[in-house]
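Protein chains in written order, with this note's numbering: chain A, 1 to 423; chain B, 1 to 251.
Derived by calculation from the structure, the hints in this document are not laboratory data.
Be aware that one or more of the hints could be misleading.
To be verified - Cross-link-like lysine to any residue pairs, in silico, SDA-like; alpha carbons within 25 Å at most:
{"no.": "1", "chain 1": "B", "residue 1": "LYS90", "chain 2": "A", "residue 2": "MET287"}
{"no.": "2", "chain 1": "B", "residue 1": "LYS115", "chain 2": "A", "residue 2": "ILE303"}
{"no.": "3", "chain 1": "B", "residue 1": "LYS68", "chain 2": "A", "residue 2": "PHE184"}
{"no.": "4", "chain 1": "B", "residue 1": "LYS52", "chain 2": "A", "residue 2": "ILE303"}
{"no.": "5", "chain 1": "A", "residue 1": "LYS7", "chain 2": "A", "residue 2": "ASN64"}
{"no.": "6", "chain 1": "B", "residue 1": "LYS52", "chain 2": "A", "residue 2": "LEU193"}
{"no.": "7", "chain 1": "B", "residue 1": "LYS186", "chain 2": "B", "residue 2": "LYS125"}
{"no.": "8", "chain 1": "B", "residue 1": "LYS52", "chain 2": "A", "residue 2": "SER311"}
{"no.": "9", "chain 1": "B", "residue 1": "LYS52", "chain 2": "A", "residue 2": "ASP301"}
{"no.": "10", "chain 1": "B", "residue 1": "LYS90", "chain 2": "A", "residue 2": "GLN407"}
{"no.": "11", "chain 1": "B", "residue 1": "LYS90", "chain 2": "A", "residue 2": "ARG284"}
{"no.": "12", "chain 1": "B", "residue 1": "LYS115", "chain 2": "A", "residue 2": "PHE278"}
What the hints assert, rightly or not - Selected chain B positions facing chain A (Cβ under 7 Å, derived; list incomplete):
{"no.": "13", "residue": "GLY67"}
{"no.": "14", "residue": "ASP70"}
{"no.": "15", "residue": "TYR71"}
{"no.": "16", "residue": "SER74"}
{"no.": "17", "residue": "ARG80"}
{"no.": "18", "residue": "HIS102"}
{"no.": "19", "residue": "ALA111"}
{"no.": "20", "residue": "LEU113"}
{"no.": "21", "residue": "LEU114"}
{"no.": "22", "residue": "THR116"}
{"no.": "23", "residue": "ALA143"}
Note that the coordinates shown come from a computational prediction; the quantities given were computed from them, not determined experimentally.
Ideal Cβ placement from N, Cα and C applies to all residues, glycine included.
Each chain, letter by letter, is given below.
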Amino acid sequence: MAAQNFKHALFCAVITLVISYPILGLNLVAEGTSVGLEGATTGTVINVFLAAVAVFLFQLFRDNIMGIFGKVPNLNPLPKRGPVSQERRMLMERVFFVAIILFALLWPFIVSRGAVDLATLVLIYIMLALGLNVVVGLAGLLDLGYVAFYAVGAYTFALLSQYFGVSFWLALPIGALLAALFGFVLGFPVLRLRGDYLAIVTLGFGEIIRILLNNWTSLTGGPNGIGGIPDPTLFGMEFGRRVKEEGNVSFHETFGIAYSGEHKVIFLYLIALVLAIFTLLVIRRFMRMPVGRAWEALREDEIAARSLGLSRTAVKLSAFTIGAFFAGFAGTVFASKQGFISPESFVFLESAIILAIVVLGGMGSQVGVILAAIAVTILPELAREFSEYRMLIFGAAMVLMMVWRPQGLLPMRRIQIELKEQG
Amino acid sequence: MLEVQNLSMRFGGLLAVDQVSVDVQEHEIVSIIGPNGAGKTTVFNCISGFYKPTGGKILFRGQEIQGKPDYKISRLGMVRTFQHVRLFGKMTVVENLLVAQHRHLNTNLIAGLLKTPDYREREKKSLERARYWLERVGLIDMANWEAGNLAYGQQRRLEIARCMVTEPQLLMLDEPAAGLNPAETKELDQLIVSLKEDYNVSVLLIEHDMSLVMGISDRINVINQGRPLASGTPDEIRQNDDVIKAYLGEA
Numbered sequence: 001m002a003a004q005n006f007k008h009a010l011f012c013a014v015i016t017l018v019i020s021y022p023i024l025g026l027n028l029v030a031e032g033t034s035v036g037l038e039g040a041t042t043g044t045v046i047n048v049f050l051a052a053v054a055v056f057l058f059q060l061f062r063d064n065i066m067g068i069f070g071k072v073p074n075l076n077p078l079p080k081r082g083p084v085s086q087e088r089r090m091l092m093e094r095v096f097f098v099a100i101i102l103f104a105l106l107w108p109f110i111v112s113r114g115a116v117d118l119a120t121l122v123l124i125y126i127m128l129a130l131g132l133n134v135v136v137g138l139a140g141l142l143d144l145g146y147v148a149f150y151a152v153g154a155y156t157f158a159l160l161s162q163y164f165g166v167s168f169w170l171a172l173p174i175g176a177l178l179a180a181l182f183g184f185v186l187g188f189p190v191l192r193l194r195g196d197y198l199a200i201v202t203l204g205f206g207e208i209i210r211i212l213l214n215n216w217t218s219l220t221g222g223p224n225g226i227g228g229i230p231d232p233t234l235f236g237m238e239f240g241r242r243v244k245e246e247g248n249v250s251f252h253e254t255f256g257i258a259y260s261g262e263h264k265v266i267f268l269y270l271i272a273l274v275l276a277i278f279t280l281l282v283i284r285r286f287m288r289m290p291v292g293r294a295w296e297a298l299r300e301d302e303i304a305a306r307s308l309g310l311s312r313t314a315v316k317l318s319a320f321t322i323g324a325f326f327a328g329f330a331g332t333v334f335a336s337k338q339g340f341i342s343p344e345s346f347v348f349l350e351s352a353i354i355l356a357i358v359v360l361g362g363m364g365s366q367v368g369v370i371l372a373a374i375a376v377t378i379l380p381e382l383a384r385e386f387s388e389y390r391m392l393i394f395g396a397a398m399v400l401m402m403v404w405r406p407q408g409l410l411p412m413r414r415i416q417i418e419l420k421e422q423g
Numbered sequence: 001m002l003e004v005q006n007l008s009m010r011f012g013g014l015l016a017v018d019q020v021s022v023d024v025q026e027h028e029i030v031s032i033i034g035p036n037g038a039g040k041t042t043v044f045n046c047i048s049g050f051y052k053p054t055g056g057k058i059l060f061r062g063q064e065i066q067g068k069p070d071y072k073i074s075r076l077g078m079v080r081t082f083q084h085v086r087l088f089g090k091m092t093v094v095e096n097l098l099v100a101q102h103r104h105l106n107t108n109l110i111a112g113l114l115k116t117p118d119y120r121e122r123e124k125k126s127l128e129r130a131r132y133w134l135e136r137v138g139l140i141d142m143a144n145w146e147a148g149n150l151a152y153g154q155q156r157r158l159e160i161a162r163c164m165v166t167e168p169q170l171l172m173l174d175e176p177a178a179g180l181n182p183a184e185t186k187e188l189d190q191l192i193v194s195l196k197e198d199y200n201v202s203v204l205l206i207e208h209d210m211s212l213v214m215g216i217s218d219r220i221n222v223i224n225q226g227r228p229l230a231s232g233t234p235d236e237i238r239q240n241d242d243v244i245k246a247y248l249g250e251a
């Protein structure tokens, strides 16, 4: 046992050296037109060796160290608690939602403009994650190209406003419906696919949309993106200092208050909040409806679902369409918030982040997904100084989560159904 | 009611089912028996639409159904269980029964979102039906358990209940007694007979447990190596020389 550990640890240390020494210990130096190789400072080399020693020691005593880690969850008081009854849990959940919503309503009036802007972004991610939760968490269809529908929503609004001067409120349903249509269309070729194959096709679909937007310069402006996307209006009242469109009035003049740039930000935040709550409630309802149960049945056992007369086509397409619909919502809000969009905003990394939110939150669990969306969006902002290490921290967080709570922050709980006794 | 005529199923060079004919009348329990690998489950898969048969006809109430998609066949009123239990493991027992009743529910999304009175009424009815069948198969106390946590015998019964809530005319059971102990097999025996007697459901049964088959079947079809070997009442089958040879080997 010990010998084996020693061998393994030595191997790990050597690998560490082999990988990190060329990367950190050797520097490329420009010498006129050619490039030369130069050793790094002694300090760096020493650090590389120290790292190798650290890896060696960790691997050598891994069992002991992991043993200590293993005791940590025991400090958590939650597992020792008895199961919470159905009514109590429903009550707690309701209280949680009401408290969150009240807090969210007050939020823009107590914090700075930057914080409100960030909160709007959080809400957009919540919408996206709740939508993807339908596809991945409930229907069990691994979708790696979800960002495509987000892009469709955003570009629909941007293009409609650029070419036809369509306002936010009209573009919102159009964007969502168009995204839903794209979801529907994508659904067809992937009906027969599952698991890895499905993931690859959806990944490809996401890239097709992004590359299309990037290259269709005459329509979308290509990499230059589209700017000047209008802000939403409130019953024909604009939030800018001066009215841009004929027939509109400005918000601050109507109410006779001084102009402030914050009004617009707060208004957008409130729109995002309302839409996020709408998303939450609609999907929550779906989950308790036959269609929601059909999604889950398909995830659990497709063959059994079909043998009971569930049409695979209808169930899969409805999941894709409804998921995409809410991504379209989020996209429209995003376009309005940024005022400028380009294909840069819709890269694969976005899909990966949204998927990570769903997985971290706990597949199928709405509360978990909301918490994860907040955490994943806010943490990078708080750790701005470490922004170079953002992906490193992100990866480490994922690994730690999978070790400690593979089922997610708050795994989905089944709804208990009261069966009335015949009396 | 169900008539299978000269059914053939070829997988590449392998003729898994060759000219098999089976028929099930109203109010009848018909069994298909045969050694392992004889093609019994393949026949089932063809009837229930999982495979598209390469030859022959399948008629359900006079309507040709061979090659139809599986979910459409089950909507006609023929549902099946599986050799290895296939439940929706992470869903609760009640939810398993509710999923099966999606056709009786108003599947209109808008009606569900708005909770129209009609929708509520249907949902109440399907809950009522689920409760009835849970009591019938003795799983009412586990209604809110995750189906995957049930004992094996209970899972078998739940699978049958899940078929029954769809109100089928023909129930196809693929080795329902596999993995059950003698007491459970006896309960199952009574349940199947009661399905026929009390709920007027015809049953097509694949089974290895001979005491079960002989006890409850009205007629038996024997298949060997994909070919029909014999058919008749349990007594006729018991005395058929070919069947004895196939099961016990050449003497």
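Each hint tested on the structure:
For the given pair, LYS90/B sits about 14 Å from MET287/A by alpha-carbon distance, which is consistent with the 25 Å threshold. With a C-alpha separation of about 30 Å, the suggested pair LYS115/B and ILE303/A falls outside the 25 Å cut-off, and the hint is violated. The suggested pairing of LYS68/B with PHE184/A holds, with an alpha-carbon distance near 24 Å, which does not exceed 25 Å. Restraint check for LYS52/B and ILE303/A: satisfied, since their Cα atoms lie roughly 15 Å apart, inside the 25 Å limit.
With a CA separation close to 17 Å, the supplied pair LYS7/A and ASN64/A stays within the 25 Å bound. The suggested pairing of LYS52/B with LEU193/A holds, with an alpha-carbon distance near 19 Å, which does not exceed 25 Å. Note on LYS186/B and LYS125/B: the hinted pairing is violated, with a Cα-Cα distance of about 31 Å set against a maximum of 25 Å. A C-alpha spacing of about 17 Å is found between LYS52/B and SER311/A, which places the hinted pair at or below 25 Å, so the restraint holds.
For the hint linking LYS52/B to ASP301/A, the alpha-carbon distance of about 21 Å falls within 25 Å, and the restraint holds. Proposed proximity of LYS90/B and GLN407/A is supported: the alpha carbons are some 13 Å apart, at most 25 Å. At roughly 18 Å between alpha-carbon atoms, LYS90/B and ARG284/A fall within 25 Å of each other, so this suggested pair holds. Note on LYS115/B and PHE278/A: the hinted pairing holds, with a Cα-Cα distance of about 16 Å set against a maximum of 25 Å.
The closest approach between the C-beta of GLY67/B and any C-beta of chain A is roughly 15 Å, which is over the 7 Å cut-off, so the hint fails. Hint status for ASP70/B relative to chain A: holds, with the closest Cβ pair at about 5 Å, below 7 Å. Interface hint status for TYR71/B: upheld, as the beta-carbon distance to the closest one in chain A is roughly 5 Å, under 7 Å. The criterion of a C-beta within 7 Å of any C-beta in chain A is met by SER74/B, whose closest approach is roughly 4 Å, and the hint holds.
A hinted interface residue such as ARG80/B counts as satisfied when its beta carbon comes closer than 7 Å to some beta carbon of chain A; here the least separation is about 6 Å, so the hint holds. With a cut of 7 Å, the hint placing HIS102/B at the interface with chain A holds, because the nearest CB-to-CB distance is about 5 Å. Annotation: interface hint on ALA111/B violated; nearest CB of chain A at approximately 9 Å, more than 7 Å. With its C-beta approaching chain A no nearer than about 6 Å, LEU113/B sits inside the 7 Å limit, and its interface hint holds.
Hint status for LEU114/B relative to chain A: violated, with the closest Cβ pair at about 9 Å, above 7 Å. This hint is violated: THR116/B has a C-beta 12 Å from the nearest C-beta of chain A, more than the 7 Å allowed. The beta carbon of ALA143/B is positioned within 7 Å of a beta carbon in chain A (closest approach about 6 Å), and the interface hint is therefore held.
Going through the hint list in order, the structure does not satisfy hints 2, 7, 13, 19, 21 and 22.
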